[in-house]
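Those protein sequence lines, which keep their order, are chains A and B. So in our numbering, spot 205 of the first sequence is number 208, and the numbers just go up one at a time. So in our numbering, spot 225 of the second sequence is number 246, and the numbers just go up one at a time.
Be aware that one or more of the hints could be misleading.
[Claimed, not checked] Listed next, with one range per pair, are the computed distances between beta-carbon atoms:
1) A:192 / B:149: 41 to 47 Å
2) B:45 / A:101: 27 to 33 Å
3) B:201 / A:193: 39 to 45 Å
4) A:101 / B:51: 46 to 52 Å
Hints are computed from structural coordinates only; laboratory data are not their basis. In this text, a Cβ means the ideal position worked out from N, Cα and C, and glycines have one as well.
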Amino acid sequence: MIKTSAKSTPALLTARKLSCERDERLLFNNLSFDLYSGELLQLEGPNGAGKTSLLRLLAGLLPLHQGELLWRGEKIGSCREDFYQSMLFIGHLAGIKTELTPLENLHWFAALEGINDEALLEQALWQVGLAGYEDHPCYQLSAGQKRRVALARLTFTQRSVWLLDEPFTALDKSAVAAIESLLVKHSQADGAVILTSHHALEALPGLKKLPLGEVS
Amino acid sequence: MSQASKEKSAAFCRLTPAIMNSPSLAGVFVAAVKREWQLQVRRKGDLINPLVFFALVVVLFPLGVSPTAEILAPVAPGVLWVAALLAVLMSLDALFRPDLQDGSLEQLLVCGYPVAPLSLAKVLVHWLLSCVPLVLLAPLLGIMLYLPWQAQGVLMLSLLLGSLALSLVGAIGAALTTGIGKSGVLMTLLVLPFYMPVLIFGTGAMQAAVSGHSALAYLALLAALALVALALSPWAIAAALRIAVSGE
Numbered sequence: 004m005i006k007t008s009a010k011s012t013p014a015l016l017t018a019r020k021l022s023c024e025r026d027e028r029l030l031f032n033n034l035s036f037d038l039y040s041g042e043l044l045q046l047e048g049p050n051g052a053g054k055t056s057l058l059r060l061l062a063g064l065l066p067l068h069q070g071e072l073l074w075r076g077e078k079i080g081s082c083r084e085d086f087y088q089s090m091l092f093i094g095h096l097a098g099i100k101t102e103l104t105p106l107e108n109l110h111w112f113a114a115l116e117g118i119n120d121e122a123l124l125e126q127a128l129w130q131v132g133l134a135g136y137e138d139h140p141c142y143q144l145s146a147g148q149k150r151r152v153a154l155a156r157l158t159f160t161q162r163s164v165w166l167l168d169e170p171f172t173a174l175d176k177s178a179v180a181a182i183e184s185l186l187v188k189h190s191q192a193d194g195a196v197i198l199t200s201h202h203a204l205e206a207l208p209g210l211k212k213l214p215l216g217e218v219s
Numbered sequence: 022m023s024q025a026s027k028e029k030s031a032a033f034c035r036l037t038p039a040i041m042n043s044p045s046l047a048g049v050f051v052a053a054v055k056r057e058w059q060l061q062v063r064r065k066g067d068l069i070n071p072l073v074f075f076a077l078v079v080v081l082f083p084l085g086v087s088p089t090a091e092i093l094a095p096v097a098p099g100v101l102w103v104a105a106l107l108a109v110l111m112s113l114d115a116l117f118r119p120d121l122q123d124g125s126l127e128q129l130l131v132c133g134y135p136v137a138p139l140s141l142a143k144v145l146v147h148w149l150l151s152c153v154p155l156v157l158l159a160p161l162l163g164i165m166l167y168l169p170w171q172a173q174g175v176l177m178l179s180l181l182l183g184s185l186a187l188s189l190v191g192a193i194g195a196a197l198t199t200g201i202g203k204s205g206v207l208m209t210l211l212v213l214p215f216y217m218p219v220l221i222f223g224t225g226a227m228q229a230a231v232s233g234h235s236a237l238a239y240l241a242l243l244a245a246l247a248l249v250a251l252a253l254s255p256w257a258i259a260a261a262l263r264i265a266v267s268g269e
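With these hints in hand, go ahead and build the complete structure from the sequences.
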């Protein structure tokens, strides 16, 4: 794979010869890639190709049976805490509690990063177009609005590697564009993003693609 | 502001927090307790169900057996304890399932902090909101069963200590069975053997108090069980949750 970043700095995240098997079916085998800061890596492949499994594997939600993962050149086992505190994972289910209000949901996610700043969180909700919904319980929100609550985390997080599973689901066009620009800003600020999406993201600078689902 | 809000979706800005403490486990633990408290207080049905169950069993018992003091007083400690134990067990079944269904459990596992203390926060809040009300209700039901006055204090204290142990141990079972749909019976089978010592020491304390002896030894044993559960169960819960999420 062509490396555009300076080779002297180790990649943020390196995957070596990963394979993943679900229910006796080989999803991918010998998968290797590097993720450098400033990169957006889009996982591509048809449904069932293992995109979500790969993200969950990277996030440590699935056990790694084969291959290894390196975080800044070190094996993940030896720097687990540092890695997890630098990583933000948003899955299909974003962990939004419907009994809580958007603001209360964000409070928890902010607390994980040591942020205790009500005004900032209100501003984050305003950013994602949920001004006026701060105090409504999330079960009153639409699917797209709940997605926006989850993605509001992206506006204030200080974590450097984002793993996003279908972040654009249920979002309207303008929100998709806004999230895309946020991803670009993040990568340009020395962050990195791995995402699965069926949207065409070609226009984004720094985009790399990783095709899955071609196991021979 | 109004003009800007029309264009709000054009691009989301990166926000920089003005106040940033380096996050500590203690701070995250407090945030977890606060979030759980808000959540569980809003699920009123889940809070009331065990109380209603506890009260119903104790109210129906005299109707089925006999309302006379000669019969009720000797069995009161056992009836109260068994009813409370089953109420605690019932309340634990759905402890982690909503978290699995909405992705909160995934977020807990990837949050970068040890899972054990954060899952302990959940169990402790559950204990405070579900079991402590049981303890407060128990003396009233004790009166209905002709429980002697001198045993009321021991009833509350033994239930307080015992329910903590029951919650912590039961949470391991709840975590283990989170991934497999409706699992009430399986969880019960898994957990009940570990409930036996708590039940034996709990009713033992009551019998001692009723017959005028000191219940201190039994209460000390209950406290020991609660402390052992407090020290060990969070790690078992964390491991069980990891298995539930990985789906293997």
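Hint check results:
Our hint of 41 to 47 Å for residue 192 of chain A and residue 149 of chain B holds, since their Cβ atoms are close to 42 Å apart. In this structure the supplied range 27 to 33 Å holds for residue 45 of chain B paired with residue 101 of chain A, their Cβ-Cβ distance being about 29 Å. Taken as a hint, the range 39 to 45 Å holds for the pair residue 201 of chain B and residue 193 of chain A, whose Cβ atoms sit roughly 43 Å apart. In this structure, residue 101 of chain A and residue 51 of chain B break the distance hint of 46 to 52 Å, their C-beta atoms being roughly 23 Å apart.
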